[in-house]
Amino acid sequence: MSNKIVLGYDDSEAAKSALAFAVSLAKAQGAELVIAHVLEWSPYSFLTPEEIEQRHKRREDELKRAEDALLAPVRKSLEDSGVTVSTELKYGHIAETLIDVIKESGASHLIIGRTGHSALSSRLFGSVAGSLAQAAPVPVTIVP
Amino acid sequence: MRKSIKAAALSAPLLLAATAPAMAQSVDERVNELFASSTGWFVNLIFSPFPGTSFPWIVAWLVIAATVFTIYFGLIQFRAFPHSIALVKGDYADPNDAGEVSHFQALATALSGTVGLGNIAGVAVAVGIGGPGATFWMILAGLMGMASKFTECTLGVKYRNEFADGHVSGGPMYYMTKGFAERGLPMGKFLAVMFSVFCILGALGGGNMFQANQAHAQISGVVGAYPGWITGVVFAAVVFAVIVGGLKSIARVTEKVVPFMGIMYVAAALVILGMNADKIGWAFGQIFEGAFTGLGIAGGMVGALIQGFKRAAFSNEAGVGSAAIAHSAVRTKEPITEGFVSLLEPFIDTVVICTMTALVIIITGQLIQDPNTGLYLLDEGASTIQTIDGNKGVALTSAAFSSAFGWFKYVLALAVILFAFSTMISWSYYGLKAWTFLFGEGQTTELVFKVIFCIFVVIGAAANLGPVIDFSDAAIFAMAVVNIIALYFLMPIVKKELNSYMSRLKSGEIKKYS
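Protein chains in written order, with our numbering: chain A, 1 to 144; chain B, 145 to 658.
Some clues are possibly wrong.
[Claimed, not checked] No farther apart than 30 Å at their CA atoms in a straight line, the calculated lysine-lysine pairs in the BS3-like style are these:
id	chain 1	residue 1	chain 2	residue 2
1	B	322	A	57
2	A	57	B	553
3	B	333	B	477
4	A	57	B	594
5	A	57	B	333
6	B	655	A	90
7	A	64	B	639
8	B	639	B	477
9	A	90	B	333
10	A	90	B	400
11	A	57	A	4
12	A	27	A	103
13	A	64	A	90
14	A	90	B	594
15	B	477	A	103
16	B	333	A	64
Derived from the structure by calculation, the hints contain no laboratory data.
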């Protein structure tokens, strides 16, 4: 069994708790931590001609912002933690893309934060945590 | 040409100043007169027939081009059709490129620029003048046009300009300059300037005035007659808010609603066809018979053919060059893939949607036939077919759909307004690209064009259908004159791209990701 843990990470409070939990678990198990951030994106949405023209530049900006504001600080904060950390930055459907990251890295555990959607909107649209709990190929820990 | 724009632009402040309803009617008439007299010569030049015949040379020009591309690329529109679908589905999309514009998005955006009044009003005009037989020629033109679109969109991507800040500008004016220079051909710059001038006129005509005009016809058909300039001012204000004010939310809502409107339109047409399933065979019979005999329409078979080809070209814009502008902003490693995707456009636009409109008009019996001879009865001017209630243009389509569902005219009115609006937004972009090619990129030059564009919305809504539709056609076909010359010279480059891509696809170098 591989010793990798994938953490689905964003700028929410729950994600920060999940990070703390994941780090302590990785330390205890001597596991590697893969921190993944997914930028929500559907190739089937509709764009105006101007949006299409600027999309390439926008994408680069978005990637840079996510890297600078989110992933780089996390890597820095974990430099001295003794845990091996790598980061993944991807576009796509959040749950599906996290599953792809699990498969690619061969991880054996997924940790995510529970985002605070209301019960109603979760019922209607489903939640990322909910769909991952059902669809992930590895055990999932949902941190409140 | 410059002069005509100036004359028309000068009349705009007059229009805006007119507020008293009593005055409005005379303002409409004046705009109309001025417009018809200042653009007549241009229309006559483009649509002049071959000496001694009634066949306009421009129609032959488009059809010959589409035939040449179809043969030169070995029936590419049928050969590459399955691969085009696979590309749009994203089968060949590299997951690492996620976040870039997908082929589906490029197609959807380009379609929302072409699917519109051409499919609703244009088809009604074609069938109203050319009879059911026009449908046959329209479908044929649509199928052939797929090869033209493939050629121009591949070149559009290949020769686009990428600016330092990451934004891209592309289109015929760029492949004319860069492609011609690469092949050591002269006149590239000249063609590019010509194309840009016509593109600006086309944007103001078919991409703007025709839309405003038919949107007004549709609204006044529902709420009752009122002066056109009122619709014009309202439309102009909304267009202004989007293209000058950067109100993206409106554009975004439109872009989202338009595809659903399109699907709903086709669904409604299918339901009506289903309700009249017993007549479908008869309708196709009329289409085929009319295609070769004209069934008594003015101009006979040639009349049906001209109308069919004209309206198909006006609706799917194949060979015109506008789609090359729309598709060129897409990121792709292989320019040819964008060509494959774009060939679906004339198929969806003309072969599917336009045919639906024509079938519904024919099947619901809007065109009056002589019960004894089966020939269509002409109206007094002997130029158009008599219809129930004398409807023409978008009103004819509306009457056809409403004969099945009384409430559909309200849905159609909404669809027309939204289609008109999304087409205007797309064409404002095409016009702007031509404008910045001529006058340089920059906020002030862009603003000048955008303001002119909004003024023409008002003029279009106030003028009569006749002169507006003539000028719109003429300007858009003038783009095709220049564009197709360039395509002939540059088509070997497309062939090279095609051969290289196809061999790599066969060898497995280009592979599916899903």
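Here is how each hint holds up against the structure:
{"no.": "1", "hint": "322(B) with 57(A)", "in the structure": "24 Å, holds"}
{"no.": "2", "hint": "57(A) with 553(B)", "in the structure": "43 Å, violated"}
{"no.": "3", "hint": "333(B) with 477(B)", "in the structure": "27 Å, holds"}
{"no.": "4", "hint": "57(A) with 594(B)", "in the structure": "24 Å, holds"}
{"no.": "5", "hint": "57(A) with 333(B)", "in the structure": "29 Å, holds"}
{"no.": "6", "hint": "655(B) with 90(A)", "in the structure": "21 Å, holds"}
{"no.": "7", "hint": "64(A) with 639(B)", "in the structure": "39 Å, violated"}
{"no.": "8", "hint": "639(B) with 477(B)", "in the structure": "17 Å, holds"}
{"no.": "9", "hint": "90(A) with 333(B)", "in the structure": "42 Å, violated"}
{"no.": "10", "hint": "90(A) with 400(B)", "in the structure": "25 Å, holds"}
{"no.": "11", "hint": "57(A) with 4(A)", "in the structure": "34 Å, violated"}
{"no.": "12", "hint": "27(A) with 103(A)", "in the structure": "22 Å, holds"}
{"no.": "13", "hint": "64(A) with 90(A)", "in the structure": "12 Å, holds"}
{"no.": "14", "hint": "90(A) with 594(B)", "in the structure": "37 Å, violated"}
{"no.": "15", "hint": "477(B) with 103(A)", "in the structure": "27 Å, holds"}
{"no.": "16", "hint": "333(B) with 64(A)", "in the structure": "39 Å, violated"}
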